[in-house]
Every structure is written in C-alpha cells, then in structure tokens.
Amino acid sequence: MNFLTSLADRDRVFDFLVPVDSPVDVRHGPILYLEDVTVSFDGFRAIDRLNLTIDDGELRCIIGPNGAGKTTMMDIITGKTRPDTGRVWFGSRHDLLTMNEPQIASLGIGRKFQKPTTFEALSVFENLELAMAADKRILPTLTARTSGEIRERIEEVLTTIGLVELRHRPAGILSHGQKQWLEIGMLLMQRPRLLLVDEPVAGMTEQEMERTAELLTGLAGKQSVVVVEHDMGFVRSIARTVTVLHQGSVLAEGSMNQVSMDPRVVEVYLGAEADEEVA
Amino acid sequence: MLASRSWLSRPLHERSTRLFLGVLLASLAVVTLLNLALPAGHTLHVSTYTVTLLGKYLCYALLAVAVDLVWGYLGILSLGHGAFFALGGYAMGMYLMRQIGDRGVYGHPVLPDFMVFLDWQSLPWYWHGFDMAWFAFLMVLLAPGLLALVFGFLAFRSRVTGVYLSIITQALTFALMLAFFRNEMGFGGNNGLTDFKELLGVDLTDDATRLGLFLATGVALALGYLLCRAIVASKLGRVCVATRDAEARTRFLGYRVERFQLFVFVVSAMLAGVAGALYVPQVGIINPGEFSPIFSIEIVLWVALGGRGTLYGAVIGALLVNYAKTVFTGVMPDAWLFALGGLFVLVTVLLPRGIAGLLAYRRPRRAAPDPSTTPREASA
Amino acid sequence: MRMIRSLVQGLLCLVVVALAAPAAVAAPDDDGQALLEALDTRSYADKGQAIEALVASGDERTRRWLEALLDGKLQRHEDTGRFVVVLENRGRQWPVIDALTFAAAGEMSRRELDRIGINNALRGRLQSTLAVLDLRVDDVRARREAARELLGNVEAAMLAPLQALVADEADDEVKRLLEQAIAIHRLAQGDAAAVEGLAGSLNPEARAALSAAARSDDAALAEAASGALAGIEQKQKLNRGVETLYFGLSLGSVLVLAAIGLAITFGVMGVINMAHGELMMLGAYTTWGMQQLLPGQPGLALILSIPAGFLVAALAGVAIERSVIQFLKGRPLETLLATFGVSLILQQLVRTLISPLNRSVVSPEWMSGSLMINEGLSLTLNRLFVLGFALLVFAGLMLVMRRTRLGLEVRAVTQNRAMARSMGIRATRVDILTFALGAGVAGLAGVALSQLTNVGPNLGQNYIIDSFMVVVFGGVGNLWGTLVAGLSLGVINQVLEPWAGAVLAKILVLVFIILFIQKRPRGLFPQKGRAAEG
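Protein sequence lines, in the order shown, are assigned to chains D, H and S. The opening residue of the first sequence carries number 1 in this note's numbering; numbering runs sequentially from there. The opening residue of the second sequence carries number 1001 in this note's numbering; numbering runs sequentially from there. The opening residue of the third sequence carries number 2001 in this note's numbering; numbering runs sequentially from there.
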C-alpha cells in the first residue's frame, strides 16, 4: 500500500533517476522550495508549517521579529538542523534533507553567518583560497598548489569586495564591515547558486551599509540571494520581494510597500510598541 | 608526482625551517664530535651516558612536535598522546624481546622471561611476527595509527571536540594503562618489557650503538619536523587552522572537517609511535607507566611552554622541561612536582604563547599571520 | 619462703571458698561425684551415655563440667579419685579447682592427674549439648547464637529436649533457627517432609544438608531437595543482585559526590577543574585533622568535619579561582592545564607538610557494623551513610540552585553569560561563589570518602577521571544528569566486576562511555537550543 502511494506521489523523484552530482535543475523556476516544514525544540515550535519558494536569480529579503524562526530556517536549509516534518528541495532534483552540511555546501548553497566568522589567524587571501570551489578531499588539499588561474579568481573577488590592499593581512585585524565583506567574498569564491546572508549590515556604518547594498544587488541575477535583515532602511534599499516571518511561518509576502501596508505585519511589528504605550 | 614532491619540499624554502634544521643537525654533529674525538677525561667530552640522555630528550621533542601538530594547528588538546608513544614503544619492545632469544634468565628459545615465569606454554598470537624487524617497525606505525584511526573516527564523527575530547583522550590512555598493568594481557604487566640485548644484530650496550641511536633520533626529529611543517604549510594546514578557529564555518565551506581532523590525528599518533620506538632501546625499558595520564599531560606542558602552533617551540619546550626535570630530580626530588605544577600555572597564565611567543614579540610584526595569535578553542 | 607461699595459698583458698560457697552444693556430694565418675570410662560409647545422663540430671554445674570436658580440663587425681578442673595447664604444677565445689584446690602435679579424654564424635556432641544448654539462658542474643550453633549439629538424642524448647521458645528468630536445625537433622535421616522446613533458608548448613539429600537414592527425597535447592538458589541470586546493587549505588554515590561539584563549575564557568580531586583530598584531610584535635570522639569530629571540610575546600577553591582561573576566561583548555598544575602543587604540599603515607580515619561507632537484611545479606552501615549523605548533598544543591538568588544567578550565567551580565548580574561574583560552592562540595565528598578509604595524597587522583566520566556521561549543566550518571556508572561497574574483574570492568566502562558519546555527544541530559551551541 505504501508502495502504491509512493508511486502516486508525483513530487517524488526516485533515487535511481537522480544523476549523481547533477547540476541544479531550475527549469521549473524555483531554486529553493520549502514545504510544510516544522521543527521544535523542547516542545517550542521554532518553525511551524513553513512554506517558502525562492526563484532562480532572485534577491529576496526575509524580515520578522526576534524569534520568528529566521536563523532556524537558515539552519534547516544548510543542514545544520533537521526538521521534524516537511520537505526541502534545492532545484527540483536535490532533497536537502538527505544531505549533510558539506554536501549541501558543495551543491552550491553558501551561507553568511549573523556574526561574521572568518578565519582570523589566516590572511584575507588564504580565507578566500579556502573558500574556493575546489576538490576538498584530503589528499588533493594536501598537495594543492595555488595556480595562476586561482590567483586571478581570488584577485577578482578581492576587487569585488574591495579588500585588494589588505590581501596579506590576517583577517583578525579587519574592521567589522570588512569582515562582513570578506565573508561575502568567501561565499562568492564558492560560485554558489544560492546565497544565504544573515544580517549583513548589523553594526555597520552608513557608508559600509551602502557599499554592502551595492555588493548584494550586484550579485543578484547571477546568483539567487536570500537576505535576512532587521534594518528596514537597508531592506527598503535593496529589496524587490520581501517575506515576513512570524512565529515560524510566513505572515506576508510581496513588495516592500505591499508588505508594510499589511495590517497583520503592522500589528506584529508595531503591536508590541502600541501595547507598551497603552500600559 | 611532481605536485606531491612540491608540497613535501615546500618547507625547505622557509627560513625558519632551514634555521631549525641547521641548528639541529649542527648540534648532532657537535655532540658526535665531542663524544668521539675527545678523550674521556676532557672537560668538553660528552659521555655516552649524556649522549643517551640527549637521545631521550630528542625522542620527547619528536613527541612534542606530534602533540603540537594536533593541538597547535587543529585545536585538539590530546591528553592521551602518551598512549601512542607507549604503543610505538611496546611494538619496539616486543621486537627487542624476541631478539633476546634464548639468552634470557630462563633460557627459553621463544618465550620471553616473563611468559616463562607466568607458566605460559606458547607465544600469544599477537606476539607472532615481532621477531622480524620489518614487521615490528611497521607495527610501530600501525599500532598507534590504528588506535588513533578508530578512536579518532568515533570521536570526530560525533563531533566530540574541545574539553570533552581532552577528557576522553585522557580516559583512553588511563584505560590502556590499566589494561597493560594486567599480566594476562601478555605485555609483561607491571614490569613491562626490559633486559634487551640487541637491535638489528648490534649490541645495545655498545657505545657506538648508543651514539647511532642518538643520531637516528636526531634524524627522525628532523624528518618528523619537516613532515609536520609540510602539512602545516599546505592548504591542508590552513584548513586545519580554519577548523581550529571556526569549525562550523569550515564545514560550511564544504570541507569534511572530521576527515581532516582524523588524518592529522593519525599522522600525529604515528609520529608519537616512532618517538616511542626510538625511546625504548635508549632507556632499555618500556612499562605501563608511559600510559599514565600525568605523562601525557606533561607533554602538553612542554608544548605550552615552548609555544604552541610553532612546532619549533614544542622542541624547545620538550628539551627545557626535561633538562630541568633531570637537574631537579637529581638535586631536590621533592621540589620537582612543585616546580612542574608551578610551571603549568605560570605558563598558562603569564605565557599563553610560550617561549616562541616571547621570541616573536621581540621581532617586528610580520605581515604573515601567526597561528597562535588568536587561540579560540571551541568552548564546550 | 615456702611457708609464706603456702600460707598465701591457704588464705586465697579460704577467700575463694567463701565466695564460691553459695554456689556450691552441699558438701558430701555423692550425686555429682557419681555423675562424673560415670564419665571416667574407657569406652566412648559409655562416655556418651554418661554425658546424656549428666544433661538429664539437670544439675546446675553441668554446663561448667561439660565445658571443662570439652577443653580437656576436667581431670581426675590418680590417687584420691577427686575430680578437678585445671585452670591452666602450663608448666609442671597446675593450678586447679575442685570440680564439685569449684573452690580453689591449690596446685597439683600434672603427673598425678588423669585427663578425661574425648574423641571427635564426642566433641561434636558436647558442642551441640552445650548449645542446648545455652538455649535455656535468658539473654535472647545468646539464645540466637546458640540456636545458630545447632544448625547441622543436632543429635538424635537432642531431638526431644529441642522440640520441648521450640514449644516454649518466645523469640521467633530462635524458634525458626531451631526448627531449621531439627529439619536439617531429620533430612539427614531421610525425612522428605523436613525439606519444607528448609526451603528458602540461606544458611550454608541447610544448603549442605539439602544438597546431600538431593544426591540421595530416595527419588522422592532427592526431587524435593532439588526443588528446595533451586528455590534457595533463586533467593541467593536475588541476594547477590541486591548486594551488587548496593555496592554499585555506594560506589555511585561516591562518584556523584565527586562529580557534582565538578559539574557545577564545568557547567557554569566552562572550567575543567583538574584540582577537583585535590579539593576532595583537602576535605578528607580536614576530617583526619579534626580527629587529631578531638581524640577519642570520632563521631563528634566527623560531624564537625562536614562544615569544616566544606569551608576548607571552598576557601581553597576561592584561592584557586582568584589566583589562576580568573585570568583564563574563555580558554577552557588552558584552565585545564593550569588547574592540573595546581593539583600537583596541592598533592606535593600534603606530602611535604603531613606525610606521603596514608592516614587512616577512625569511623565512629554508629557508622561501623552492618545492617542485617537476612542470613545471606548484610549491608555495611558506613556505605549506607555515605549513600544517604550523597543524596542529602544532592538535595541541598538542588535547593540552592532552585530556591536561592545565587542559584538563579548561576543558572542565568550558565545559560547566557553575556545576557546575564547585561541584566546586572555580577558574573565575577557568581563565578567566585560558584567555584567556592563546587569546591566546597568536593570537600564534602572528601569527608565522606575518608569513611570508606584511607586518606592519602593520591586520594583525589583516583577519582578525578571517573568523575569526569560521570560529568561527560550525564551532560553538562544538569544536576539530575550527574546523579543518574553517577549512580548508573557505579552500578554498571559493580555488575561487570564479577565476570570481568575490577580492572577490566573499569576499562569496559570507559569504552562504554566513549561509545555512548557517539550516540549522544552531549550526555544523557543535554542542554538544548541555541545556548548549547556555544
């Protein structure tokens, strides 16, 4: 009986039909597809029946109050957290729930963490070198040589993120904004199809923020980019489509203007403040 | 093959490595000269006793390099490296036991004395093959390597790191110590293996043999250092440092962190095994005491004192602490534990980067990163 | 000289006679003499009858006579035919007393005396006869002792008096033992009905009798006996199980005591305190010191040691925290090394200042002895006390953590240090207090340990790895985890020990833990959520 239902399940792709290391199949549009995802910690539902679709080449902003499940959602996509139920597909071929973190990373999903984590003891150049898409098994890594081609690629990214001058300094001495860019640069080195960027402008100065906005909008089109951000001004400056998360599921989706008119969104974002004023 | 030669020979182009190898090889030459060319009464004569003592220190130095490789570059504080050292030592000890042949106290042609004493009838299966040098020398690498492989596989796979891993490694060596203390294990129990006669057909008590062992240890240290340096200077070394400082991040870059950890851990364990194998013929005994947790933690102190994440610091630390130990235990044995304990506290509190850190401080800051500037262990 | 001596002897005789006079029976004692004379025969069979006659006579002196006979001290003067009891048979001249009056009778040459000899059969018979006699005394304990003595030593002749005794006996325990003794005798005679009386008895004599019966030719008897034996086996298995559990819990309670302080400091500060074992050692030495201060009052000293041990260890803990650990914030591995150094120093300090040798601490009377559950099972009291103490300490810590301001702050700092700080919790103060608390608990553990083992400089070292295992097994920052892990590791260790040996059991437990953290890297009760990711 189970077998029959599984045959009838048209979304199912049989393992033997999936070519090994196949490129991401985006002919059907979405590059990332989350359906009915639920995850709970100790009974608390961090993500509750979440549905989300990201199109190829799209720049999507995700906003939501604290505890809305933004970081947990990232964790699920990158394989750090396993959801209790639901499905997560990358393109229409790769079931991310069957893969571990390195496998997912090598598929072309790059993640930038909330707190910038660069390798502080290594130089900017070395940081980029490690991030580069390459054979990442042990022996190839041990015998790897930095060829001219690789250097060119690294220099190119160094230019994009504006750290050419600092290439041989240890990442530990970079300013906060520079670390964020280095981290984006590291993502670019992986030539990802999908970039997950967690709060890229937290703690940045105005100028750094502008630079970051340029960087991200420049990336969209070539890559799909998902930005999680608190700063509304920043989101307004880069966003085409915005998704609002609340209590682990999607509350609203649309352009920034549409979303900010939505009464439910207003309530979630402003309700708490209004209550406080009353009290 | 060209590529592989290049990663191995890369350290030979580094100034610091050349300096280290130069000092080491020069010291070996000087000691040999002072031992052979000068008459025994001369003030500068280095006695064979001292040569053996120095050889012992060099074994410790190699062991310290092995520990620094995992601690300094991978951020794994192993409190159980003494176990790998001892396993290498036991493999060598078993070979030396078999070499005794029928010259033991009981004169049994095959069984070592302690087995005759315990009334054993035949050689246990795991003692077979140790009469052949090539097999025994292979075991010197394989025994610690396999233990590290199995243990590391289990530990790294389930992402046991930081303090947890340290405690588990300590428990590992403790368990092995208990096991080797048992007579039924067939490794001589309490007394271990001793009364060795000859190695590869040469008399172990011979002055020339002792000098040869000293030189062999020096060369092993040089090669071990080169190998570690080559690993550290490769891209793999940078992955290690990345793992040390931000393990999760490295994983997201697509590196199978646990495999890198396992690879380096096994290499380190094998180096420790070689150090143990060279140690045994020089001190003439191997017993379960080498498995004791306190010995393993002492190794870590050598590395910490010398400065971790530098490799040469580990060598300096091992030589200094062991020289101090020899002096202290000779003059005031009671004070040694105070000194050792005090050293632990002082080094960690006042000298987190060790002696190498002091040296680096005097020089103008280089642009290239120093791996020990930001020691951020994964907190438990 | 000789005169003086005989004079003194004479005087002594007078005194003794005067004292013994009320006990002595009327002077011309033909009954007694006749009874004893019956004993002086070559035939052992006749002697046996004479003994029975003695017992039957109900003479009050029977007991002393039989005891003397058993010891070979009932002797007869060759010439006078007078019966005497030899007091001390050393040298040539033996001091004796009269066997009838028990009055001192001076010294006699050993050549003049004939011993009333007995053989082994008679000796056994005498012993059981004496036991029957003992059953008539008023002291219940003595009666129980006597009844236990009878198991397996009942003679046919004793059956009748014993059965009479059983009927009169007020004490249930004595009654039960006597019935068993009789049953053992009957069983030996081939009485299958006696099996029932022995079913479930854990006495080795009863078991021996049953297994003898199980081998007998009488099929019915053998079957009944085998059945009963199986029952006993079952009961013994249960006993052994309870005993293993008890020892396991006892070991576990020690582990809990040792590990719980460690769990607190590790959980709150992320600090691996390798000197924890030495803090335990300080607590144990405090107990020893307290006993030196209060000689002859081990109980009081022990009770005073509880707060004293806590204080000493806690102060030492504060000293360690202030002098070393506070400089190593956020560097757990360095803390591990530094505190290891501290542990070396503390050990050597004790070796230098006190002694490298072990010191033994006296257990107060109310802690020694054991609790008898049944014949095959008795539990030593000191372990029971330590178990109770461990549970008390655990409950106390739970209260501190759940109900006090300190506990609240500690939990806050454990979960999110930065957040706690920003809410005005002085993390430094919490650190000091937590470390003091953890160290103090180690001191308490030391006080408890001093009741189980010798106190020496290595005391702490022996427990440190095991306590770490408990913390790793139980999960960090969870006291319940420590309790469950400690107790279960103790029990596992004891369960493995009989078939694996002590050393191998320890190794197996270590291997088990290494494998366990494969499945659950964060222990039995892990902290969940973001805070735990660290």
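Incorrect hints may appear among the rest.
Unchecked claim - Simulated coverage check for chain S against chain H, where a stretch passes if three residues somewhere in it have a Cβ under 8 Å from a Cβ of chain H:
hint, region
1, 2183 to 2189
2, 2210 to 2221
3, 2458 to 2470
What the hints assert, rightly or not - Reference listing, derived: stretches of chain H covered by chain S, where coverage requires no fewer than 3 residues with Cβ under 8 Å from a Cβ of chain S:
hint, region
4, 1252 to 1261
5, 1294 to 1304
Treat the hints as calculated values from the structure; they're not laboratory data. Keep in mind that this is a model prediction, so the values were computed, not measured. For each residue, glycine too, the CB sits at the ideal point set by N, CA and C.
Cross-check of the supplied hints:
no., hint, result
1, 2183 to 2189, "violated (count 0)"
2, 2210 to 2221, "violated (count 0)"
3, 2458 to 2470, "holds (count 3)"
4, 1252 to 1261, "violated (count 0)"
5, 1294 to 1304, "holds (count 4)"
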